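Take these sequences, add in the hints, and give me the full structure.
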Amino acid sequence: MDFTLKIWRQKDAQSQGQFKTYQLTGIGADNSFMEMLDELNEHLIKNNEDPVHFDHDCREGICGTCSLYINGRPHGPQKAITTCQLHMRSFKDKDTITIEPWRAQTFPVIRDLVVDRSAFDRIIQSGGYISVNTGGVPDANETPITTSKANNAMDAASCIGCGACVAVCKNASAMLFVAAKISHLAQLPQGKVEAESRAESMVAQMDKEGFGLCTNTGACSVECPKEISLTHIARLNRQYYKAKQASDYIPDKEEIHEG
Amino acid sequence: MSWLTEALKSSLGRKLVMSFTGLFLILFLVGHMLGNTLLFFDDGGQAFNEYARFMTSTPIIQALSLVTYASIIIHAVYSIVITRINRRARPIQYALNKASASSPWYSRNMGILGTIVLIFLVVHFRSFWYEMRFGQLPVVNYDGSGEFKDLYSIVAESFKQWWYVLLYVVAMIGLAFHLSHGFKSAFQTLGLTHKKYTPLIEGVGLWFSIVVPTIFALIPVVMFIKSLG
Amino acid sequence: MSMKFDSKTPGGPLEDKWSKHIFDIKLVNPANKRKFDIIVVGTGLAGASAAATLAELGYNIKAFCFQDSPRRAHSIAAQGGINAAKNYQNDGDSVYRLFYDTIKGGDYRSREANVYRLAEVSENIIDQCVAQGVPFAREYGGLLANRSFGGAQVSRTFYARGQTGQQLLLGAYSALSRQVANGKVQMFPRTEMLDLVVVDGHARGIIARNLITGKIVSYSAHAVVLATGGYGNVFYLSTNAMASNTTAIWRAHKKGALFANPCFTQIHPTCIPVSGDHQSKLTLMSESLRNDGRVWVPKTKGDNRIPADIPEDERDYFLERRYPSFGNLVPRDVASRNAKLVCDEGRGVGATGLAVYLDFEDAIKRIGRDTIESKYGNLFDMYKQITGENPYEKPMRIYPAVHYTMGGLWVDYNLMTSIPGCYALGEANFSDHGANRLGASALMQGLADGYFVIPYAIGDYLATRSYDMVPTDHPEFLKAEHSKNT
Numbered sequence: 001m002d003f004t005l006k007i008w009r010q011k012d013a014q015s016q017g018q019f020k021t022y023q024l025t026g027i028g029a030d031n032s033f034m035e036m037l038d039e040l041n042e043h044l045i046k047n048n049e050d051p052v053h054f055d056h057d058c059r060e061g062i063c064g065t066c067s068l069y070i071n072g073r074p075h076g077p078q079k080a081i082t083t084c085q086l087h088m089r090s091f092k093d094k095d096t097i098t099i100e101p102w103r104a105q106t107f108p109v110i111r112d113l114v115v116d117r118s119a120f121d122r123i124i125q126s127g128g129y130i131s132v133n134t135g136g137v138p139d140a141n142e143t144p145i146t147t148s149k150a151n152n153a154m155d156a157a158s159c160i161g162c163g164a165c166v167a168v169c170k171n172a173s174a175m176l177f178v179a180a181k182i183s184h185l186a187q188l189p190q191g192k193v194e195a196e197s198r199a200e201s202m203v204a205q206m207d208k209e210g211f212g213l214c215t216n217t218g219a220c221s222v223e224c225p226k227e228i229s230l231t232h233i234a235r236l237n238r239q240y241y242k243a244k245q246a247s248d249y250i251p252d253k254e255e256i257h258e259g
Numbered sequence: 001m002s003w004l005t006e007a008l009k010s011s012l013g014r015k016l017v018m019s020f021t022g023l024f025l026i027l028f029l030v031g032h033m034l035g036n037t038l039l040f041f042d043d044g045g046q047a048f049n050e051y052a053r054f055m056t057s058t059p060i061i062q063a064l065s066l067v068t069y070a071s072i073i074i075h076a077v078y079s080i081v082i083t084r085i086n087r088r089a090r091p092i093q094y095a096l097n098k099a100s101a102s103s104p105w106y107s108r109n110m111g112i113l114g115t116i117v118l119i120f121l122v123v124h125f126r127s128f129w130y131e132m133r134f135g136q137l138p139v140v141n142y143d144g145s146g147e148f149k150d151l152y153s154i155v156a157e158s159f160k161q162w163w164y165v166l167l168y169v170v171a172m173i174g175l176a177f178h179l180s181h182g183f184k185s186a187f188q189t190l191g192l193t194h195k196k197y198t199p200l201i202e203g204v205g206l207w208f209s210i211v212v213p214t215i216f217a218l219i220p221v222v223m224f225i226k227s228l229g
Numbered sequence: 001m002s003m004k005f006d007s008k009t010p011g012g013p014l015e016d017k018w019s020k021h022i023f024d025i026k027l028v029n030p031a032n033k034r035k036f037d038i039i040v041v042g043t044g045l046a047g048a049s050a051a052a053t054l055a056e057l058g059y060n061i062k063a064f065c066f067q068d069s070p071r072r073a074h075s076i077a078a079q080g081g082i083n084a085a086k087n088y089q090n091d092g093d094s095v096y097r098l099f100y101d102t103i104k105g106g107d108y109r110s111r112e113a114n115v116y117r118l119a120e121v122s123e124n125i126i127d128q129c130v131a132q133g134v135p136f137a138r139e140y141g142g143l144l145a146n147r148s149f150g151g152a153q154v155s156r157t158f159y160a161r162g163q164t165g166q167q168l169l170l171g172a173y174s175a176l177s178r179q180v181a182n183g184k185v186q187m188f189p190r191t192e193m194l195d196l197v198v199v200d201g202h203a204r205g206i207i208a209r210n211l212i213t214g215k216i217v218s219y220s221a222h223a224v225v226l227a228t229g230g231y232g233n234v235f236y237l238s239t240n241a242m243a244s245n246t247t248a249i250w251r252a253h254k255k256g257a258l259f260a261n262p263c264f265t266q267i268h269p270t271c272i273p274v275s276g277d278h279q280s281k282l283t284l285m286s287e288s289l290r291n292d293g294r295v296w297v298p299k300t301k302g303d304n305r306i307p308a309d310i311p312e313d314e315r316d317y318f319l320e321r322r323y324p325s326f327g328n329l330v331p332r333d334v335a336s337r338n339a340k341l342v343c344d345e346g347r348g349v350g351a352t353g354l355a356v357y358l359d360f361e362d363a364i365k366r367i368g369r370d371t372i373e374s375k376y377g378n379l380f381d382m383y384k385q386i387t388g389e390n391p392y393e394k395p396m397r398i399y400p401a402v403h404y405t406m407g408g409l410w411v412d413y414n415l416m417t418s419i420p421g422c423y424a425l426g427e428a429n430f431s432d433h434g435a436n437r438l439g440a441s442a443l444m445q446g447l448a449d450g451y452f453v454i455p456y457a458i459g460d461y462l463a464t465r466s467y468d469m470v471p472t473d474h475p476e477f478l479k480a481e482h483s484k485n486t
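So the sequence lines, in the order shown, correspond to chains A, B and C.
Going by the working numbering, the letters in the first sequence line up with residues 1 to 259, in that order.
Going by the working numbering, the letters in the second sequence line up with residues 1 to 229, in that order.
Going by the working numbering, the letters in the third sequence line up with residues 1 to 486, in that order.
Errors might be hidden in some of the hints.
Stated by the list, open to error - Rough simulated footprint, nothing fancy, chain A against chain B, three-plus residues with beta-carbon under 8 Å:
#1 3 to 9
#2 13 to 27
#3 160 to 168
Claimed, not checked - List time: in silico DSS-like cross-link candidates among lysine-lysine, alpha-carbon distance up to 30 Å:
#4 C:K215 to A:K46
#5 A:K149 to B:K195
#6 C:K384 to C:K301
#7 B:K196 to A:K242
#8 A:K208 to B:K226
#9 A:K46 to A:K92
Note that these hints are calculated values from the structure, not bench results.
Just so you know, these numbers come straight off a predicted model, no measurement behind them.
Heads up, the beta-carbon is just placed ideally off N, CA and C, and yes, glycines get one too.
Now the structure itself:
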């Protein structure tokens, strides 16, 4: 298969970027999208050009490292997969493929197609955990959890933190990502203890980072490689309102985060 | 109350305000629409004029009016604030973006649809609300009920102009799409979703956003046609 | 070079060794722990759990990963599950049985004391993960569910759909994130370790490259913990992540950390076969598929018919034929060896002839497509995505692939390598899996080492050390930095 690739090239965060067009011939239909880019880079390296930088690691659709806005959609045209699971048979021979980095003020471009998603880490650090130290915990079967709660929690917990939700959202909102973590932990008895402070502090951090506001278009859920549902956002909303009117936290009187 | 102001300044707090004001305006639409259907009566406007006086002279209604005005203003102002934040969140746009693959166009253009409705509201308020309150309306006298401001006559007069009718129809189409996202979105923002009742909310929302604007739009259309014949 | 190998395995009966050792080893006073800095390289199950737990105890941690976030370490790709000797199923499991199965599965080549300890702490791991909010699968009564795995005749594997590694890693990542927020862990993402720095015979730091700026920087500490995974990517194609490049343990080895059992590489039987020249890696299908799938090839060489056209009596269900009591659930090495054998005989299937069928037709008939879908849906989708074939209608094609390395840096009972102060955890060490690792035991070992072994074991060493830091302009640091810059 032959392709024309329009790829965003940008030297670093400070530089202006622009599209560059590359012709690639003789690509196998069984190649993954990443393998297609590997081939492009082999050519570029042979011609003493700077290879295209893109994030990738496990290439199995689970680590969440790969990104790419492909032909106007995050992770490309197929549903419920990551870019590394996309294969060239999903395209037509002689197609032009436009490849851009995730675009969000909170995901600054590091180089070419690589963006900085550390805002997600900081959101998790603000409260996306259950505060237990190692050891001294009760037996695993001490607290029964219904299968439906466990399943719902697992649905939310399957988030891979790739950032496609932010990338596709017209507002670059991180609500689906934040909701996935809040909803995962809020549905488990172990997570309920800190549910209020968690919702408050994670939303505060999300706002501080500069993500946009959710306007419920639902695009995030449609493009999410793990198909995380909007119901988790509704749960986050409930958790947050409940926390705001019932939690002990009062601004300027107490730290949200006690660790 | 700094916890409250802080909460309302957060992204979710702002959304909550949009949701509450939106839902109140939805309730308002129901009342307003029911009143307006009086215009369909062939009674020379008596029922409508009686209704208009009731609406402007009953204390509880006047209080609700104030809430309505406040809702419109807050809903509009917050939408501007939210839009500005959201614009800042993506300073560089995609060169190629197939947004239609993942969301309906009207859900992404609530601001534009809302602006259409807002422009309509300005015209609408100037034509009728202002005239009713502060204008010099002719007075009619119905048997035994005293004098009434004849709002009906200027409504009927306005709806004889095709461009005015067209403005109404366009605005109501805008409202229909605004509601078709806004109705269910308000519930989602409130966190009121459950597999048991969300389909009902979505169904009611869809019907509401078709039926209510259609009835609103029919009024000028019907009166325009009547004025022709 | 001759070296005295002292595994420091405590004496006494097997079942008392660990508790006796915990009592015997030296402790660092809680107030003094903050005077020690520890470098943890790698943030997979072993690294993240170690960094979080050591930070909870009070040590200052510098944690490094080459990924953009610690949550992306390759532990995340483990699908099937994690073993623990909970005996929740009342089917005769015990610490001793898990120990015995692991030793036997490893062909009696692992260190008994380490493996027994592993089996002992396996129970704590499940408790810990549940407390962290890991959404393990549950029965209708609300208690934890188990499934069986190759190489075991009891049901002791805990799982979270086909994403157990992901959920356990996110648990460890959340504990790590909490310590980052507390200021006890300084996180260095997109930073790759290039060398180990040894001063006066002790590991005292690392040289690392910032993968964004390219800058090479020295980091000093009182001990270095390597939790950098295995060396599977020394093979051209493996199931490892692309950037899991073995540098860290190789550099440590070049600095004197001895390597043990490098030949012990696990070839996983159920991978998606190679399809083309530009393939960058292989993708594993969870071994749990062998619970319901039947492995076969045509009886005759060069039989090119499509699978549906090959009648039952012309199929060779070679695992069921050769190992009637285990059937398709034979240990990994046996399944892999036999698949290779039939392909070498010319009976392999697919375009390359390097594949065997894994057929779900009978299972679908027996328990229905819906049940199969609920059990393996995501795996089937993944297979379809990669191969373009629908495994509900056509049998899967699978072939063995390099998956895990049992060998690694030699460590003593305290997980210390032959360089004092340098530790190796998880897949990076050699001690627990012998010549062959049982399914669902890698996650167990990574977390055992990180949560429950190193936090005690490292104290035994640090208690003997001074608080003084080696400055990063020490000649050893400069020498190592210089060698990387040229």
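Checking one constraint from the list: CA of A:K46 to CA of A:K92, max 30 Å. Satisfied? Status holds; Cα separation ~27 Å.
30 Å Cα cutoff - pair A:K208, B:K226: With a Cα-Cα distance of about 58 Å, the restraint between A:K208 and B:K226 is violated, given a limit of 30 Å.
How does the segment 160 to 168 of chain B fare against chain A when you require at least three residues with a CB closer than 8 Å, holds or violated? Coverage by chain A is violated for the segment 160 to 168 of chain B (0 residues, Cβ < 8 Å).
Holds or violated: the segment 3 to 9 of chain B covered by chain A, criterion of 3 or more residues with Cβ-Cβ distance under 8 Å? holds (count 3)
Does A:K242 sit within 30 Å of B:K196, going by the straight-line distance between their CA atoms? holds, 22 Å
Count the residues of the segment 13 to 27 of chain B whose Cβ falls closer than 8 Å to any Cβ of chain A, and tell me whether that reaches three. holds (count 4)
Are A:K149 and B:K195 close enough, with their CA atoms no more than 30 Å apart? Within the cut-off at roughly 14 Å; holds.
Check whether the Cα positions of C:K384 and C:K301 lie no farther apart than 30 Å. Holds, at roughly 27 Å.
Given the hint that C:K215 pairs with A:K46, does the C-alpha gap stay at or below 30 Å? The given pair, whose Cα atoms are some 25 Å apart, holds under the 30 Å limit.
Consistency with the previously given hints fails for numbers 3, 8, ordered from lowest to highest.
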